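Enquirer: Read off the chains here:
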Amino acid sequence: MLMAALRRLGQTVFVLFGISALVFTVFFATPGADPTARIAGKNASPQTMQKVRQEYGFDRPLPVQYAIMMKKLFITQDLASYADRGELVVPEITRAAPVTVSLVCGAAVIWVVLSIAMGTLAAALKGSWIDRTLMMLGLIGISIPVFWLGQVANLITQNRYHDTWLFSWVPALGYVPLTQNPWGWFKALVIPWVVLAVLFIGVYSRVLRADLVALSGEDFIRTARAKGLSPARILIRHGLRTAMVTFVSLFGMDFAQLVGGGALLTEVVFGLPGVGRLTYQALTNLDLPLIMATVMYSAVFVVLANAAVDMIYLLLDPRVRDAR
Amino acid sequence: MKTSATSSPILEVRDLYKTYRLPRRQELKAVDGVSFSVMPGEVLGVVGESGCGKSSLGRCLLRLAPATSGQIVFERGDITHLPERTLRPLRQRMQMVFQDSYASLNPRRRIGDLLAEPLKVHPDAKGRKRSSAEITTRLHELMELVSLPITALARYPHEFSGGQRQRINIARALALSPRLIIADEPVSALDVSVQAQIINLFADLQKQLGLTYIFVAHDLAVVRQISNRVAVMYLGRIVEIGDTDSVLHTPAHPYTAALTAAIPRPVTGLARPVPLQGDVPSPINRPSGCRFHTRCPYVQTRCKQEDPALHAIHPNGHEVACHFPL
Amino acid sequence: MPANMSSQALLDVRDLRVSFPARGQMIPIVDGVSFTLNHQEILGLVGESGSGKSVTALALMGLIDAAGVQVTGSVRFQGQELIGMPQKKLRYLRGKEIAMIFQDPMTAFTPVYTIGWQIDEQIRAHERVSRKQARTRTVKLLGDMGVPDPERTANRYPHQLSGGLRQRAMIAMALSCNPSLLIADEPTTALDVTVQAQILELIRSLRDTHHSSVLLITHDMGVVAETCDNTMVLYSGRVAEYGPTPALFASPSHPYTAGLLASIPPLDGPRPLRLPAIAGSPPLPQNRPAGCAFSPRCQYAHTACTIALPPYVQTGADHFAACVLPQEGKPLPPRLSDATAQEHFQP
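Residue numbers (the numbering used here), protein chains in the order written: chain A, 1 to 324; chain B, 1001 to 1326; chain C, 2001 to 2347.
These are computed hints drawn from the structure, not numbers from a lab. Mixed in with the good hints, there may be bad ones.
[Claimed, not checked] Pair by pair, the computed Cβ-Cβ distance ranges are: (1) B/1155 / C/2306: 22 to 28 Å; (2) C/2160 / A/9: 26 to 32 Å; (3) B/1273 / C/2079: 37 to 43 Å; (4) C/2086 / B/1273: 45 to 51 Å.
Owing to the predicted nature of the structure, the values given are computational and were not obtained by experimental measurement. Every residue, glycine too, gets a C-beta built ideally from N, C-alpha and C.
Kindly produce the complete structure, drawing on both the sequences and the hints.
Expert: Structural data, given as structure tokens:
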């Protein structure tokens, strides 16, 4: 067990090193692009240029530059954004992370519950009009672009019908911290949750239905029927439980990439100051330190989620447990 | 048949091991010290239950899996560690037939194309490339050998029954006129009535073309029908080997005896022997001493400590690995 | 028809027909199968792949519900008609009165639950007992089926057991509610020979220990000879021959049965130079020839065989065959008598 944990830790470090080295190379070591000028911003004075060059060691060899960057990011945590005139990037991410986590967790609850319900119902009623309707809804959910859906939601709830009884509760765009005002937090996020979840409900319900239908041809389902179990029990305790193995692995990766900044469009549309929006800003300003920091943050989450999925795998599938 | 070849074995296996590494530093000894030889024109049957290593042995012989240690000598040349390039011409003389007749045939290609492929790739005996007329003649010969109509060449694998597909697989194995055919459970997926046809076909071809077979199967009755000699394997090792009749009618190893007794015979009113207890132990943690001692009805103290070696018990070449042969 | 088709038969199947839709046609995979099974009888259902033996079993259990499949005829179990019985009512019989075991015990258990959990589940589906009571019974059943250390085994997952143990657990699960009928579909095909012998002995013993009647489905004539009281041979979805096992093996009345028995390589006695194989292969159900389905492969086939379905005639005590030969006064010669078979068998 300890060995497994250590091995996992080693893998994490290795992956983080790989990603950081790649990002560093792309942004800092590309020939012809002077990182000093980029970091110092437009029309910087020669003094500022000199200061930046020294601080980041741009006059020294590449490995040293990389080491300085990593030190500033992880150890001293004093890496500063230059586009934002000296804003430290690490605290900026720490401030943005709870927003993203709030958004993604809420959406995840919605999409997991709804997709399991829809997928299971569709599989149980395979071939009926309910099955076809649900799967068609799923397909629509997959095809709607999230930013468009977000804008439409805003248009309806913020503008056109805001003053009707139906949407008068909707607060202005933005985020309310959970610790300050839980009800406000909920009100601010509930529409973004739904908008973000729509795509995933579509994907997950369709995948789950396909899995369940495939499983219904398995020998063990036939055994369960021969045992005289009720169709509901067969579908849920035998089918759904077995299908959860694939479901969870899919969920882990999606969840991680969203927390890591993948909910960018939703955050931008709803004015939520999360990691995605931070990444978006960093990219539009070519704010190299901030790009570096957000990418690393995202990588950490993906690697952690991977580890979590593996752990859940162990819980869900006894065969995997023994193969270790 | 070359007369000089009859005096020396066509295939000789010396102390072959095949070990698979598993996680947690475990090892699976699939083949655990196997030695035997096969003379030209002989049919050696290899029988055993699951996990006995018979399939791994077949794969090692064909170099589909590298042997961990030991030697495989084919037509007096050591092929154990030959690089793939040098092995290729040898593969023409050593062919295989597998259990799953369908999986062995590319479903998208016509039978004629499937069979012509080896003929196009490999040069003929004089080292020349075969002309398309030569190939067509050969394909017709092959169809006749396996009793399929010429029209079969223009059809696809899924249009045939399991037995017919196995005939096609045999035709493909024969295309380059091999000397040795290694067949891994070639009839076990077939129905009994069809199985008999394919066994007959194997027997006919063997006589007609002077072939040598290593016939790997779990069904003792099938092996008895086709083989001159039989090797019985248990947990990676040959526990008994010798003339078919000698081994099956006067088994010297308790395992062989139990195996023959356990096979249900299509005759009623026979006294049923007491079945062997327990399952075949895992090849990962095989028992100490004699590997059969955990299930042997005649087990003694010595059996638990000392691993018996294969030794001759009869001048006709009947050998057994048992401290107390029956 | 068997003489003992009286109402006290446990299972009475009449003219069972299972048709699957294919290319706008209904193809009968099982085509008019009739038989009876008495209390504590072991009946063997033999046939090659595609003979309809497994479909017959699934139809008895009401487990065929693919779209468009037609099941007609009559299956009376303990006097109740099963064909057309609503699924909800069938469910109470399934697992409780009629239990089934399958060929591959590896895939027949749900991989994510322990063996014990799955047996408990079946008990609790049919009886109001506590988890603890169910487990006590599970452990006892596993022990009865010859599973060593049943308490620990109950807590293990299917993949952690050997094939033989899994099949024993499967049988334990099937017997958990004391069913009157056990349907065993190729229960030993996936097992090694030495383990097969153990499982067959277990199945034979169930008659005495659990008063079970067994419908044993297999392709192996050897398994039937060793295990069954009566034997029914299926060919291309139809009954070719039915009879008491000793009579059927000693003097098969249908050329298919005779051919099948002859084509098995013998383990004792002289080795034939060539096996007397049956030429060709069984027809696909959609290409079944008119008349006797076996006629294209039959060495005795003549005009009468290709015109109409052969009559199902009695050829001995409780022994029937679907063949024209007995009526034409040309019955098949007997195979080895039991006595000669004994002489050939020298252990």
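Enquirer: Are there hints from earlier that the structure breaks, and if so, what are their numbers?
Expert: none
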